[in-house]
Amino acid sequence: MEKVTISCNFTTPTLHRMQKQIFWLLILTVLPGMLSAQYDSTMSRKQLRKNRPTYVLTGLGVGSANFRDFATSPLTYRGPAVQASLGRLKEDQQVSAYGAMNLLYAATGIRVDNERAYSTFVAWAFNYSRIYTIPSWSNENWQLATGGLLDLTTILRVNPSLQNNSFGMELFGSLFGSFQVRRDISRKRTKTFQFLFIHHTFRPKQRYLSYRVNLGLMNNYFRNGYSYSNQSAVVNDPSVFEDYEWSNFAGFRVRTSLAYTRVLNNGNAIRWAYEWQATTTSSSTHAFEMAQHVVKCSLLFNTK
Amino acid sequence: MMKNPLLLIFALLFGSSCERVLFKEDMESSDPYLNFDYLWKECDEHYSFFDLKDIDWDQVYDRYEAMLYPEMSDDSLFQVLGQMLNELRDGHVNLISNFNVSFYDVNGLGQDNYNWRTVTDHYIGTDYYISGPFVNDFLADGAIGYIRYSSFTGTADYTNLDFVLSRFRNTEGIIFDIRENGGGVASDIFWILSHFVDRPTLLYYSRIKNGPAHDDFSERDEAVLDPYQGIRYLQDVIVLTDRGTYSAGSFMALACKALDRMTLMGDTTGGGLGMPNGGQLPNGWTYRFSITQSLTLDGNPEYENGVPPDVPAFFDWENINRDEVLDLAIETLLN
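Protein chains in written order, with our numbering: chain A, 1 to 304; chain B, 1 to 335.
Just chain A, with the same shape it has in the complex (with noise of 0.2 Å):
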């Protein structure tokens, strides 16, 4: 019987030169948005920098997560997860930024006929990002804005019944090309339901919907070289890090972000969101494969 060949090859040298071209392609019309992506109105830049609602973001989520490393294994480990999210959020209708700090914890694990294997998953994620409102295609009710968002994502697993290779960890940085659409879908005017003997007053209520794509324009990361174990501790030079590799434009990173925001009498908001991320390191040799899916709750406390 011939032998047959497992092969996880994804990437060529060709591909890098793909994947550099659409980066430079979308920021190339990203950017032209992004510089005319100023609302028009009566009032001064600076007026309207300092009138901004002001945030702090705190978030809790629960969701799952799942993640694969053929380095190590062909199976894909999958579990539930929970976030906590801490953050700034500066945000109008002209423009938002943020920058926030996540934190995920992950309980995963395998289960293949009657064996079982678990491993712990933790990512940590510092993000910043600027969006703004394109005018041109975006009126009182429906806005369309575009930007980009900065992601430094680190990832540790352990799985114990990996012996050596138990450890894993992996450095994520990208610079993902951002578009959003939002609905303002407030309730502006008083309404009164009434039904036999029920009566209910609607008040109304500022709330928005969106939509958010961030598509990763330029991924780079750290990671196990070939062997992925390394020779550190027979040589007597410690190092977590030692034939750790850089590859840079390699790999495919994508996040959205459906949200329900509803802006309190206070000032305050409730943000309700789903947010789900995929990475993939698309290696030549041994690939990384991730997945979120997060259900978070935030708090807005407005500063202002």
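Keep in mind the hints are simulated off the structure, nothing from the lab. Check each hint, because a few of them may be wrong.
[Unchecked claim] Which bits of chain B does chain A cover? Going by a derived footprint, with three or more residues having C-beta under 8 Å, they are: (1) 21-27; (2) 205-212.
[Unchecked claim] Examples of chain A residues toward chain B, derived with CB under 8 Å: (3) 233; (4) 234; (5) 280.
Quick reminder that beta carbons are idealized off the backbone N, C-alpha and C, glycines included.
Once you have looked at the hints, place chain B on chain A.
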């Protein structure tokens, strides 16, 4: 779409959560042929001693692949894969399932050369000290210090080893017994040996697989020992080894070859001079095998088959009242 935002929401949710279109297809499988090929290929591309051990891995594929059949049980598949891995003749190679663990027994390469009961009944008694991982006491009316180190536990530190060496500071020599020490935490090697040198010393070299060909290795890394800045012992030391001295124990024996005042006595070690990795098969079983090579100071990797003693010595099981290896070590130090 604008009039029916719910439809839009569902469409976006559905479209945005499908990481399956981005990821490779699922590889979970209990198929014997798939798991066999996966394990064979992982070994082929990462195992470090094919050339040294003169193993024809392609021929191994043909022999063991012929033993597979589609309806075979997990136990049968495990036997085939485990026996295939035992062709590597390496104690650092294991296949692990929830019902069995495959292993290659290096102890069987030579006779049993150690009996703790003989040591306690006829040499150190039962009032010995237990200083961390070091069992220690005096021999030959206090002239010699005896240290029994049964495993590289990662707990050797300045409190326990300093105490032991301070206790033995006026002896004529130390017997460091690592017979049947199956290894453990490699950092203990350097921590221990740093107490026995007075200058930086090159011990051996190591290289790691960096490509799929059997001879794809990195450049050699140097294993350099720096002297401990506290209590040191600079008299003669005899290190006792046997076939059960494996992995970190073999590394220590290899390192001792580079140290003038240290003499290896006993039997050849079991080998295990390649660091093992860890991985998983499509059916969930896990495995490990060696991915590095350790080289002597003249660049020779052959001590993977065992570090030979400077002075051979063997236990005579006809008389368990004496430990002939220990006797020879005592005699050597006293003379």
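Do the hints match the structure? See the list:
1. 21-27: It holds, with 5 qualifying residues against the three required.
2. 205-212: holds (count 6)
3. 233: holds (4 Å)
4. 234: holds (5 Å)
5. 280: holds (6 Å)
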